[in-house]
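Chemist: This is what each chain is made of:
Number of protein chains: 2
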Amino acid sequence: MRLEDMIFISVDDHVVESPDMFDGRMPAKYADQAPRIVRTDRGDDVWVFDGKEIPNIGLNAVAGRPKEEYGIDPTSFEEMRPGCYDVHERVKDMSAGGVLASMNFPSFPSFSGRLFLDTADKDMALAVVRAYNDWHIDGWCGAYPERFIPMAIPVLWDPELTAAEIHRVAEKGCRSLTFTENPAMLGLPSFHSDHWDPMFRALVETGSILNIHLGSSGQLAITAPDAPMDVMITLQPMNICMAAADLLWSRVIKEHPDLRIALSEGGSGWIPYFMDRLDRTYDMHHTWTGQHFDEPPSEVFKKHFLTCFITDPIGLKLREEIGIENICWEMDYPHSDSSWPDAPEEFHAMCEKYGVTDAEINAISHENAMNWYGFDPFSIRPREQCTVGALRAEVAGHDVSVRSFDTGRFEKSVPDLAELQARATA
Amino acid sequence: MRLEDMIFISVDDHVVESPDMFDGRMPAKYADQAPRIVRTDRGDDVWVFDGKEIPNIGLNAVAGRPKEEYGIDPTSFEEMRPGCYDVHERVKDMSAGGVLASMNFPSFPSFSGRLFLDTADKDMALAVVRAYNDWHIDGWCGAYPERFIPMAIPVLWDPELTAAEIHRVAEKGCRSLTFTENPAMLGLPSFHSDHWDPMFRALVETGSILNIHLGSSGQLAITAPDAPMDVMITLQPMNICMAAADLLWSRVIKEHPDLRIALSEGGSGWIPYFMDRLDRTYDMHHTWTGQHFDEPPSEVFKKHFLTCFITDPIGLKLREEIGIENICWEMDYPHSDSSWPDAPEEFHAMCEKYGVTDAEINAISHENAMNWYGFDPFSIRPREQCTVGALRAEVAGHDVSVRSFDTGRFEKSVPDLAELQARATA
Numbered sequence: 028m029r030l031e032d033m034i035f036i037s038v039d040d041h042v043v044e045s046p047d048m049f050d051g052r053m054p055a056k057y058a059d060q061a062p063r064i065v066r067t068d069r070g071d072d073v074w075v076f077d078g079k080e081i082p083n084i085g086l087n088a089v090a091g092r093p094k095e096e097y098g099i100d101p102t103s104f105e106e107m108r109p110g111c112y113d114v115h116e117r118v119k120d121m122s123a124g125g126v127l128a129s130m131n132f133p134s135f136p137s138f139s140g141r142l143f144l145d146t147a148d149k150d151m152a153l154a155v156v157r158a159y160n161d162w163h164i165d166g167w168c169g170a171y172p173e174r175f176i177p178m179a180i181p182v183l184w185d186p187e188l189t190a191a192e193i194h195r196v197a198e199k200g201c202r203s204l205t206f207t208e209n210p211a212m213l214g215l216p217s218f219h220s221d222h223w224d225p226m227f228r229a230l231v232e233t234g235s236i237l238n239i240h241l242g243s244s245g246q247l248a249i250t251a252p253d254a255p256m257d258v259m260i261t262l263q264p265m266n267i268c269m270a271a272a273d274l275l276w277s278r279v280i281k282e283h284p285d286l287r288i289a290l291s292e293g294g295s296g297w298i299p300y301f302m303d304r305l306d307r308t309y310d311m312h313h314t315w316t317g318q319h320f321d322e323p324p325s326e327v328f329k330k331h332f333l334t335c336f337i338t339d340p341i342g343l344k345l346r347e348e349i350g351i352e353n354i355c356w357e358m359d360y361p362h363s364d365s366s367w368p369d370a371p372e373e374f375h376a377m378c379e380k381y382g383v384t385d386a387e388i389n390a391i392s393h394e395n396a397m398n399w400y401g402f403d404p405f406s407i408r409p410r411e412q413c414t415v416g417a418l419r420a421e422v423a424g425h426d427v428s429v430r431s432f433d434t435g436r437f438e439k440s441v442p443d444l445a446e447l448q449a450r451a452t453a
Numbered sequence: 028m029r030l031e032d033m034i035f036i037s038v039d040d041h042v043v044e045s046p047d048m049f050d051g052r053m054p055a056k057y058a059d060q061a062p063r064i065v066r067t068d069r070g071d072d073v074w075v076f077d078g079k080e081i082p083n084i085g086l087n088a089v090a091g092r093p094k095e096e097y098g099i100d101p102t103s104f105e106e107m108r109p110g111c112y113d114v115h116e117r118v119k120d121m122s123a124g125g126v127l128a129s130m131n132f133p134s135f136p137s138f139s140g141r142l143f144l145d146t147a148d149k150d151m152a153l154a155v156v157r158a159y160n161d162w163h164i165d166g167w168c169g170a171y172p173e174r175f176i177p178m179a180i181p182v183l184w185d186p187e188l189t190a191a192e193i194h195r196v197a198e199k200g201c202r203s204l205t206f207t208e209n210p211a212m213l214g215l216p217s218f219h220s221d222h223w224d225p226m227f228r229a230l231v232e233t234g235s236i237l238n239i240h241l242g243s244s245g246q247l248a249i250t251a252p253d254a255p256m257d258v259m260i261t262l263q264p265m266n267i268c269m270a271a272a273d274l275l276w277s278r279v280i281k282e283h284p285d286l287r288i289a290l291s292e293g294g295s296g297w298i299p300y301f302m303d304r305l306d307r308t309y310d311m312h313h314t315w316t317g318q319h320f321d322e323p324p325s326e327v328f329k330k331h332f333l334t335c336f337i338t339d340p341i342g343l344k345l346r347e348e349i350g351i352e353n354i355c356w357e358m359d360y361p362h363s364d365s366s367w368p369d370a371p372e373e374f375h376a377m378c379e380k381y382g383v384t385d386a387e388i389n390a391i392s393h394e395n396a397m398n399w400y401g402f403d404p405f406s407i408r409p410r411e412q413c414t415v416g417a418l419r420a421e422v423a424g425h426d427v428s429v430r431s432f433d434t435g436r437f438e439k440s441v442p443d444l445a446e447l448q449a450r451a452t453a
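As they're listed, the protein sequences go chains A and B. Position in the first sequence (first residue = 1) + 27 = this note's numbering. Position in the second sequence (first residue = 1) + 27 = this note's numbering.
Hints may contain errors.
Unchecked claim - Keeping only pairs whose Cα atoms sit at most 30 Å apart, straight-line, the calculated DSS-like set for lysine-lysine is:
{"hint": "1", "chain 1": "B", "residue 1": "K380", "chain 2": "A", "residue 2": "K380"}
{"hint": "2", "chain 1": "A", "residue 1": "K94", "chain 2": "B", "residue 2": "K330"}
{"hint": "3", "chain 1": "A", "residue 1": "K56", "chain 2": "A", "residue 2": "K119"}
{"hint": "4", "chain 1": "B", "residue 1": "K199", "chain 2": "B", "residue 2": "K119"}
{"hint": "5", "chain 1": "A", "residue 1": "K56", "chain 2": "A", "residue 2": "K79"}
{"hint": "6", "chain 1": "A", "residue 1": "K94", "chain 2": "B", "residue 2": "K380"}
{"hint": "7", "chain 1": "B", "residue 1": "K199", "chain 2": "B", "residue 2": "K329"}
{"hint": "8", "chain 1": "B", "residue 1": "K199", "chain 2": "B", "residue 2": "K56"}
{"hint": "9", "chain 1": "A", "residue 1": "K329", "chain 2": "B", "residue 2": "K94"}
{"hint": "10", "chain 1": "B", "residue 1": "K330", "chain 2": "A", "residue 2": "K380"}
{"hint": "11", "chain 1": "B", "residue 1": "K329", "chain 2": "A", "residue 2": "K380"}
{"hint": "12", "chain 1": "B", "residue 1": "K380", "chain 2": "A", "residue 2": "K330"}
{"hint": "13", "chain 1": "B", "residue 1": "K94", "chain 2": "B", "residue 2": "K119"}
To be verified - Interface residues of chain A toward chain B, partial, derived using beta-carbon atoms under 8 Å:
{"hint": "14", "residue": "A211"}
{"hint": "15", "residue": "L213"}
{"hint": "16", "residue": "S220"}
{"hint": "17", "residue": "A251"}
{"hint": "18", "residue": "D364"}
Derived by calculation from the structure, the hints in this document are not laboratory data. Idealized CB from N, CA, C, for every residue including glycine.
Given only the sequences and the hints, what does the whole structure look like? Please build it.
Modeler: As structure tokens, then:
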């Protein structure tokens with residue numbers, strides 16, 4: 028398949044929330060207590076909520092910066108590409124990057140809305156969660172419904188309220204929930220308790236997906252305090268592997284046989300080994316551990332779990348073992364692991380290398396995302412206008428050059444599609 | 028290749044130390060303080076040392092028991108197959124299992140000799156470590172030098188003494204050291220300090236291998252206190268993955284370019300994904316993290332790390348990506364993940380499935396172990412007497428039936444070689 032004919036839906040990107048997000052969305056009595064942006068004496072923008080200051084408005088939002096600066100988080104909106112927080116600019120960046128549609132994880136509330144967990148006034152916190160979801164669904168995604176898969180944050184302290192919120196947002200067409208990879212790490216009941224059953228039931232009743240993003244337990248795999256950053260970066264998918272094992276062997280899967288879970292930013296290449304390990308563990312140990320499945324655990328895994336990758340050569344090579352329908356693509360804009368704006372070129376080159384068929388490419392690049400999330404952009408935008416070529420043509424003049432915030436220097440010109448493709452297929 | 032013509036060397040098995048191991052091996056002044064076996068009022072055998080009682084004489088030493096009983100650790104020598112602790116019986120079990128030679132990790136001192144770390148009398152503790160190594164090398168392995176790759180335990184509290192011990196045992200022909208996967212988890216300086224340099228230098232000077240067994244940091248990946256055992260079992264290789272990342276990015280590899288490390292019981296199937304992740308991490312992040320390698324980190328990994336597997340279909344499928352010379356085979360006798368006595372049948376079936384060539388089979392089943400560990404059994408025992416067929420013929424009457432210690436019932440007859448092979452190739 029030609030690169031320009033591919034269609035991309037990314038199931039893992041990140042929104043940096045805009046300062047006006049809560050305007051008009053909070054009940055009058057709590058309007059003054061909504062999270063708000065404050066500029067500090069140092070010139071930084073911070074979110075302020077419930078006596079807490081959250082400095083990372085755009086944690087790792089480094090799209091468009093040179094790699095040498097990836098370790099420095101932007102601390103003000105001016106330091107970020109507007110595409111991080113302005114939906115109109117985001118859509119232009121997506122088009123320039125050849126991406127039709129995207130699902131966006133939150134930034135300042137954490138991936139699972141953990142920021143609101145310890146708020147004493149639970150009624151106020153609930154109002155904030157609902158306002159967040161209204162903004163995300165109606166404001167951000169609603170501005171371009173063919174370009175975004177909406178996703179809600181949970182009411183983390185109350186599974187019944189989370190269930191109610193799942194139903195409420197489903198009415199608006201949102202059938203995706205972000206959650207923590209391990210509630211036990213947050214001091215909440217684990218996946219092995221029955222605490223979360225109302226949430227799981229609501230997900231199944233509404234056909235919604237549970238999304239577990241790496242790092243959403245608030246913990247990363249750290250080997251030693253003096254270990255270099257590279258160790259932690261390399262090991263990030265380990266957290267997701269732990270979450271996958273935790274859920275696969277838990278009562279959750281057995282009690283909620285229609286539940287579906289996405290392992291966000293977890294990669295795919297480790298899945299075949301993991302499935303071998305599941306089956307081996309079952310074969311060698313289930314008679315004394317007391318586990319029971321009616322089929323091999325690897326088959327159970329395929330029925331329940333969606334995997335995704337940014338770039339993952341081995342994951343693509345082993346696509347049959349993973350299951351073609353169990354793989355989605357993601358871009359991770361605007362974080363430092365993203366290949367924006369030439370992510371499609373990277374995917375295209377991998378597909379050439381591993382002889383991926385057109386049907387497989389379509390499944391991984393967009394059809395699986397449409398099927399798992401019940402998302403149909405083609406009903407709004409004709410399919411032929413959704414390709415990399417069509418999208419890039421629409422924003423031909425859009426500036427995607429890399430800019431150093433240290434020097435102000437532009438270091439890379441607007442990518443030329445033909446040149447990018449020549450490079451990718453060289 | 029026919030199963031009976033294969034030759035197997037296992038780089039990861041376990042010895043249960045025999046009660047008389049310290050007899051005549053301790054300096055006279057410390058003879059009374061050597062670890063000793065005591066039978067408790069409950070009828071259990073325990074090691075007693077330095078005021079501590081270590082009940083797990085044979086932690087997970089369940090070879091020859093039905094799988095239903097795998098969760099119950101034997102607490103007395105009578106509850107174990109004699110092959111766990113009697114070298115003459117062990118060699119018969121190895122022959123019946125078709126295995127020529129084996130490297131044995133310790134049991135009661137822990138994989139890294141951690142038991143002796145907190146002993147107040149360091150001089151006495153050093154005498155115990157030396158006596159342990161003398162017993163292991165001269166007593167256990169020395170009884171059948173063509174059947175064992177000797178491996179020493181370190182003087183964990185002192186890198187200089189460890190270096191001296193590495194040189195001392197190398198004089199006896201032992202060029203293998205077991206160590207912890209993460210000293211920082213034991214409260215010791217991490218791999219990122221220069222603390223361990225004397226040990227690394229001694230390993231390189233003597234051509235010895237550093238062996239890092241999963242679980243040797245004293246920690247396993249646990250998701251929640253109420254998680255089922257299956258989660259922990261599935262995730263065991265995660266610890267080794269953390270150790271591999273920790274060491275790969277550490278100064279150790281850069282400062283000691285000839286150091287070689289074995290990831291014991293870590294599996295191989297996850298390595299290609301891990302190497303992709305290493306290269307991606309380097310490509311995306313090294314300019315700000317400050318890492319530098321002269322070649323891709325995946326190539327650095329291949330030069331330094333040996334992997335091994337018990338059974339690992341994906342690892343065998345991806346043998347070229349891992350590197351044929353970077354894969355060894357292991358049996359894990361007498362632990363519950365072992366396939367003894369029909370481990371060769373399992374390996375043979377996997378090789379048939381993935382079209383593994385004879386040269387590749389020989390490399391993985393025994394030649395890589397001989398090369399990495401500088402071990403040459405054929406100089407003592409002619410090669411044609413080292414095959415599965417030859418070894419099993421020697422012990423045709425040896426009882427390898429599975430016996431329940433609850434019922435005393437024998438549940439499986441002595442395997443018939445022809446029947447086993449028919450099953451394996453069915």
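Chemist: If you check each hint against the structure, which ones fail?
Modeler: 3, 6, 15
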